[in-house]
Amino acid sequence: MSGLSIDKISMRFDLPNGGSVQALKDVSLDLKAGELLSVLGPSGCGKTTLLNIAAGFLAPTEGRMVLNGNTVEGPGPERGMVFQQGALFEWMSVRENVGFGPKMKGMAAKPKAEIVDHLLDVVGLGAFKEKAVYELSGGMQQRVALARCLANEPDVILMDEPLGALDALTREKMQGLVLKLWKETGKTIILITHSVEEALLLGERLLVMAPRPGRIHKEYRLPFAEMGVDKDLREVKKHPQFGEVREEILGMIWDMEEEIMGRNEGEGS
Amino acid sequence: MNLLSQLGAELGAVFVTLLSAAPFIAGYIAIILLCALIWQTVKKFLTPKADYGSLKTVTFGDESAVTSNTVASVVSIVLIFVLWAAFTGSKLLPSFLHAPGAFEGTGEFSYTVTTPDGQTDDATVSVVVFPAGSDVDAPEVDPGEGFAKNDSVAIAAFRSELLRVDENDEIGRDQDAVVSAINGVAVEPGSVVDVGFGDVEISRRGTPNIKPSGGMQMEPIWLPAPEAVWSRVTEIASTGFRNSTLAEHLGFSLFRVVVGFILGAIVGIPLGYAMGLSNWFRGWFDPIVEFMRPVPPLALIPLVIIWAGIGEVGKIILLFLAALWIMAIGARSGVSGVRISKVHAAYSLGASKWQIMRYVIIPNSLPEIFTAARVAMGVCWGTVVAAELVAAEKGAGMMIMTASKFQNTDIVIMGIILIGIIGFSIDMLMRWIERLLVPWKGKG
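Sequence lines, in order, name chains F and G.
The numbering of the first sequence is the numbering used here, which starts it at 1 and goes up by one.
The numbering of the second sequence is the numbering used here, which starts it at 1001 and goes up by one.
These are calculated hints, taken from the structure and not from any lab test.
Among the hints, a few may not be true.
As the list claims (entries may be wrong) - Derived BS3-like pairs (lysine-lysine); straight-line CA-CA distance at most 30 angstroms:
(1) F/K231 with F/K187
(2) F/K105 with F/K180
(3) G/K1353 with F/K129
(4) F/K173 with G/K1443
(5) G/K1441 with F/K112
(6) F/K105 with G/K1443
(7) G/K1443 with F/K112
(8) G/K1441 with F/K129
(9) G/K1441 with F/K131
Claimed, not checked - Far from chain F, some chain G residues (derived; all Cβ distances over 10 angstroms):
(10) E1010
(11) N1209
(12) I1221
(13) N1243
Note that the coordinates shown come from a computational prediction; the quantities given were computed from them, not determined experimentally.
We put the CB at the ideal spot given by N, CA and C, even for glycine.
Only chain G is shown next, with the shape it has when bound in the complex (with noise of 0.2 angstroms):
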């Protein structure tokens, strides 16, 4: 019961920040519609084309005629970065398309104070809002008449400051005087009061917390704008991060995917050939590989990090580990899937063994075995980022482990968009091999 209850408190959990995200999303759709309406009026604009797709009067549920419209593309990706770009305050975004930011520049409110006999006295609070980086005192202001004094305070955007408003009042909190109004407003401990550029909350001690406007802009810390992510990927292809440059980090990632894959390859399709080939191989590594195809590569990384440490030789062998099986599994299905037909034919054209092997189990099953390395690579790509962010000395996901431990969020998102981006070009170019290699495929 108590694991019960725990479940349902993050499922709690969970539900309300989903709902906190529900008018983003909803926002967000409402985009994509409003977009498509602008795409439908537009469309109407242009000569209309009269293929054989367009001269279909049923379009809703024949899946043969929804494909992928280019623009609606390339509009949700200029919108990711316009987006990105509007709630970071970029300057590569005219600033009128800008969401709101933090609130910057003066500000004041005033507060009134009771002592225990009954006496009250209001003071003012000058606050001056700076944005973040940049060092500015607090304003000198004259502490005015009465026992409450006038304060003044500097914060940096989207900062918040506790001020202990009764330090420098002539009756304080140490003689039971209390906050009892803000802006003339009522308060007692837990209250919020908004004065115009932010708010003031009361805290449980009494005390005001000053809490200017955040805006809706992301702070850089948590997310930075894309032209400093890209002025950072500059800075570091250059320079270099932790000692290494960017393409080194890049280079070790894709050198031990490369080497593993290849490795894995190596052992894993004559392991899938044989399987396929021979009843004793096949009972004998059956158990093995359906054994280990299941097991995630990372959760092999502790046992290969104790074996053979954090070196290139334990992420070459994670790394052939999980193309292995793969690749034998590909190799052994391209056997089984061939067809008798072809065999019994080749056979009757007077091939023997090792000619049949060769002419004709070898590239029917080649397919079977590209499908596979596409699997392994991808795999592969995403085994060996994680082996780097548990440990690595240079490597993408060593950059991006590292950057985020010192808050360096744009290393962070420039990593996951060149992993992304290369995992992606390592499809594309499976695919592309795909083609040239095995024209065949499918065509059987």
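Here chain F stands alone, though its shape is the one from the complex (with noise of 0.2 angstroms):
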């Protein structure tokens, strides 16, 4: 079976005094090989979490999550991963950072050389292969980010707030580049993220989760993502069906805060 399916996955954690938070409950979920989601809702919602558990970092206390077949039970290079800024090794050249994981392998110096040469030039980063990662820019770190987590291989790229960190601009270059990417390798890549405008972008499917206890709240199949292959991104926005969704969600999401501020006062009192 190919894909990535998660399977009832609950996720308590025990607090200090005594109590414990249910960060996630009967979280079900099948992506297909290939599929762009991306998850957004409030903090709190528990989707940090979903991908922490996705990668391995975390063991769920209900449930499991099964990759082609296979029972996650830790990280692994089939799951690759692309943080929101600072997980770059600083004290390797660009071309170092690249190619961490063929070297993990133990794959030889040559096709080495040839996979990073290629990602580099595929990110746009052909001529800054000797360069250290703080001489770039962060829109330039997030891109070596990207070709390191390709450079394995991944069946699953997950990406927790990868444009978080960026101004508006550079985001809105980087959003093309993980379309033009997701289409090119065809790789199944979950994505996080705060801005409801990047979820409808870069989500073949959208995720909306509600808090406590984290949990899939609406799922959306939407057209955009397939839109901005070959568009440009500001004529996606353009769309009309692109402003309703927005509203929706951006109305959605304004409800649960209302509702957890509500419930924090109640609580105060």
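Build the complex: two chains, separate frames, hints provided.
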């Protein structure tokens, strides 16, 4: 069975004061190979927890995650991660960062160099191979992170707000790059974001999660990612349906935030 | 209460000392401001620079607009040597720049003796003040008329002399005659009379104490002139001090520091890694490290001497202990400081535990380890000098301590300057190595 299947995952943390937090409750989801899923939700809805379970950094208290027929039990090279920022190895050059995965596998120098050169060209950093990563701008660093992840040829790419720390213009360019890479490589991608627009643009499927306990609130299937592959993203945003869905989701998240605030005030008095 | 009054008295003494230094400090500040003023004037004649900083209109309060003025640094260092030379009468400086020196030459004053029955007679005292180091006899003088006879005395510069003027008089102290006036000024025990070339103070028992003016220069035994210190450097560099050359003294100190530091690093870094990577090791060593860290290494000197004697072993154990905790804590915080996303990223890229250690944790901890190494080298250098002050056969600290026991102030000053230069060089060297090996420091 190809694809990623999330099967009734629940996550409960025990707190030091004896209480517990239900971060996720009965989350189920099937993702076919090559699908692009974006996950959206207010803070505390468990979206990062879900990603950490998928990456294998956390073990769920109930349920399981299955990738291509194998239950996920820890981190592995078939599930690549792209983090928000600061996950590059600043003691290595751009080339060494991108070649890190192949090197860990013990790949010979020559095929490794070919992979690295190719991917750096794909993300547009061919001229910066020997630079130190801290000499690059934030957007360029995220390009390196994408290339580093792709160099390992993962089946699934997990992105934890990869563009969250970038300025608006760079962010827009990078969104285009993510779509291009998705189409060219055909990888399954799960992308977590805070930005509703980004979730709409970069989600073939879009999951809105609700907090306390973290659960799937609503799921969308959207045409915008497919449109954006060969179209200007600003054009996509002008699509009438784009605005409608955006307003709907924003309202949904507003309501959730209000509810949380109200509940906190209730607890406070 | 007793302790409080003691502390109060000590505090009073400190204040008195500070007050006596106040005019000199005020003078120094005046020189600083004067130099600033001169520089401002000179700067007007230079081509102004139109760099970013000079175009700022708000500079007072803008920390980034304050940079170290190189001219001020150079002038400050030159001034230290100029002041040093001026107050030691150095030959490096033209004599008009010297602070007023001690009186040298001849002078005289008269004293009046009054007997119990009211007779008085005057006599003259001839004083010869000769430079320290030479040997001059008191001049012959004519005893003169009357029952008080003329006296003469030779005094070395900076010294004073209690002169029993009555010793050659016909009616002296044994007959209850007293010195009642100096240069015609009536005196009693305790009074001080300015006689031109210095002061004459009447002691409690009525004897004049002749104090030729000491001027404002320092005596060589308190502060030798720069050239004297320099000539001592060259002398000790070639002939040695206490059976060892200067290079041997300094070399031994450096050797102890380097060996002690390397041993401390060899044990401390793995210890720090273990503490950073394992709950059990963290729990086991935390109490030990956290207790040993605030214990100053100097406090361990007596114990190390009892256990290991004053030889090399004891010193190296001491320096090992000085470096050990600093390196362990540096390595521990280097490991703990690794951003979890880097470790997660490496695992997701297929790295094994060993590869995580080799490619992520160790390089990530290097900047912290280098910072710790710099601190440790500084502490070790300070500790070795202190340990050598206490007991050693060779070493920079031993050299200055032994010299101080013989009032060889020039060697002490030379030693202090060399110790400072070496300490500074060690720090510069460590910074240079750091820049070379961990260029990513602070860039994560």
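Need the status of pair G/K1441, F/K129: alpha-carbon distance at most 30 angstroms? Holds. G/K1441 to F/K129 sits at ~20 angstroms (cutoff 30 angstroms).
If we take the beta carbon of G/I1221, is the closest beta carbon in chain F still more than 10 angstroms away? Label holds. Min Cβ-Cβ 56 angstroms, cutoff 10 angstroms.
Claimed clearance of chain F by G/N1243, with the beta carbon kept past 10 angstroms: holds, 49 angstroms
No chain F beta carbon within 10 angstroms of G/E1010's: The assertion about G/E1010 holds, with a minimum of 51 angstroms to chain F.
Restraint check for G/K1441 with F/K112, where alpha carbons must lie at most 30 angstroms apart: holds, 28 angstroms
Given pair status - F/K112, G/K1443, alpha carbons within 30 angstroms: holds, 27 angstroms
F/K231 and F/K187: Cα distance at most 30 angstroms? holds, 20 angstroms
Given the hint that F/K105 pairs with G/K1443, does the C-alpha gap stay at or below 30 angstroms? The given pair, whose Cα atoms are some 28 angstroms apart, holds under the 30 angstroms limit.
Taking 30 angstroms as the top limit, are the C-alpha atoms of G/K1441 and F/K131 close enough? holds, 16 angstroms
Sort out whether G/K1443 lies within 30 angstroms of F/K173, counting only the CA atoms. holds, 25 angstroms
Take a quick look at whether G/K1353 and F/K129 sit within 30 angstroms of each other, Cα to Cα. holds, 27 angstroms
Chain F versus G/N1209 - minimum CB to CB distance exceeding 10 angstroms, so not interface: holds, 74 angstroms
When the structure is compared with the earlier hints, no violation turns up for any of them.
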